[in-house]
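Chains as they are written, first to last, in this note's numbering: chain A, 1 to 277; chain B, 1 to 261.
Only some residues are given here: those of chain B computed to face chain A with a beta carbon under 7 Å:
{"#": "1", "residue": "Glu126"}
{"#": "2", "residue": "Gln127"}
{"#": "3", "residue": "Asp129"}
{"#": "4", "residue": "Ala130"}
{"#": "5", "residue": "Arg132"}
{"#": "6", "residue": "Ala133"}
{"#": "7", "residue": "Leu134"}
{"#": "8", "residue": "Gly135"}
{"#": "9", "residue": "Val136"}
I should point out that these hints are in silico values taken from the structure, not numbers from a laboratory. The model shown is predicted, which means the values in this text are computed figures rather than measured ones. For every residue, glycine included, the Cβ atom is placed at its ideal position computed from N, Cα and C.
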Amino acid sequence: MPSIQETALKHGLSPDAPVVAFEGVSIGFEGNEVLRNVSFTVMPGETRILLGPAGGGKSVLLKLVDGLLKPDSGRIFVFGEEVTAMPERELFKLRRRIGMVFQESALFDSINVEDNVAYRLNEEGVAPEEAHRRVVEALEFVELGHAIEKFPSELSGGMRRRVSIARAIITGPDLILYDSPTGGLDPITSTTIIALVAKQRDVSQTTSLLITHRLQDAFTLATHYYNQKEQQLEPLPKGTLEENTKFLVLNEGRVVFDGTTLELTHTEDPWIREYLA
Amino acid sequence: MPIPLPSPTAWVKSKLLALQEYSLLAGRAFRSLLTPPIYWGDLFQQMDLIGVGSLPIVVLTGFFTGCVLALQAATALQQFGAVSKTGNLVALSMVKELGPVLTGLMVSGRNASGMASELGSMRVTEQIDAMRALGVDPVRKLVAPRILATVFMLFWLSILSMCMGILGGGLVAVFLLGLDGHAYFTSTYSALVWADLWQGLTKPVFFGFIISSIGCYFGMQTKGGTQGVGRATTEAVVASSILIIVSDFILTRFLIGILGR
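So here's chain A without its partners, still in its complex pose:
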């Protein structure tokens, strides 16, 4: 497993500086406070899993990281740059280093899979042949090479999620945000998606934030690794855990847990124990 230093260098990041840092962030909508004084950091190469009941502000937190929403108070730093102080024009540049997988995939329904996956490449003026080659590569990564000419309406929910992952990883981002990538999917498809998340984590060592409502997905990521040779998810040796996979638990807009898998499973907090049960 590569060290934090190696991972950081691979993505052009400083090993000591957090990729994402929240400092006392609060945000509300129409009088309802959704996040209250949230602070945490995500280090290079880390996979941070966000847990918590529905409506707890997890998706809002992810949108804040990408600058899609602005907080009412507090500061957010991504790659050392203060997102909260950046105008939209500068955010577009920053977002080129971030891949985002939306809750409902958010594929553009009037264009086919190839154009969806190549969207960012086409915007950057990449030559059509080069863009096609990279689309094929990204779709093969998510095992959907055969669906390149299909339209989003012709795909199942799981396939749409995989296309969304391909779209997020095609430019080799330094940070990936997964908003409930397994939400509403059957257990088998969910396992396939989690295997892809682990593959991206273990092959590219990309820093990521992942929201999930399925505890088993979260613990699969913490206890398994992607075997590149066998091309499948395999359990880590007994008694070991994926050390770069950490947890952040939100309840009613507040951070109620921030730590490692071991700390989470041994917590004394009655609410978290009940939630995990």
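Guided by the hints, dock chain B onto chain A, whose structure is given.
Then chain B, alone, in the frame of chain A:
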């Protein structure tokens, strides 16, 4: 349970906020047209959808409005023995007023609703957020081409509507009223002066901006799923139609003041 009445202060604040959001959107769209990248492909696609797509309704509306205008004008002018002036009345009405306004209202019904529903659907399915997350400015990509395309195409559609109205009036004058065709078209031509044309050609530019900016604004502000898309579509058509009528009065007063007729 009684429905609570909204506070007047909150209502005024919400309307002022909406006006601010609309002005910011329009300003950003205008700025996007002056700086690269400009999405030419999207612009031409919108021109085709708005301009070519609206041709049948604009042709039909213009033609039959001219027909009705000739019939009504002839009835009124007969009392003064001035039926031969039918051409003057049709031409002046179509060029100065009915051509631009009716074309604006028809295009508003067809395109402001289309823009609001398309952008609204994209909004509620997070496609707009996805676009931003992919580093693309949705105002530049979606709003600016729609505004420019509508302003440009409404100008030509209005000219077409004026011509169809004069033609329709001519056919009624010749075949139903028994007037001389040559005399009718000569009277339409001689009735118009440059000030009338200026008035008729200035209005579509403003109406085009109103239709597209209002349609895009309601689309981009959509909330609340498919019900929200339906609401945005209705509000876009109602708001743009009312604004066309109100701005027509203001523009007419202003242009008469400048042009003298």
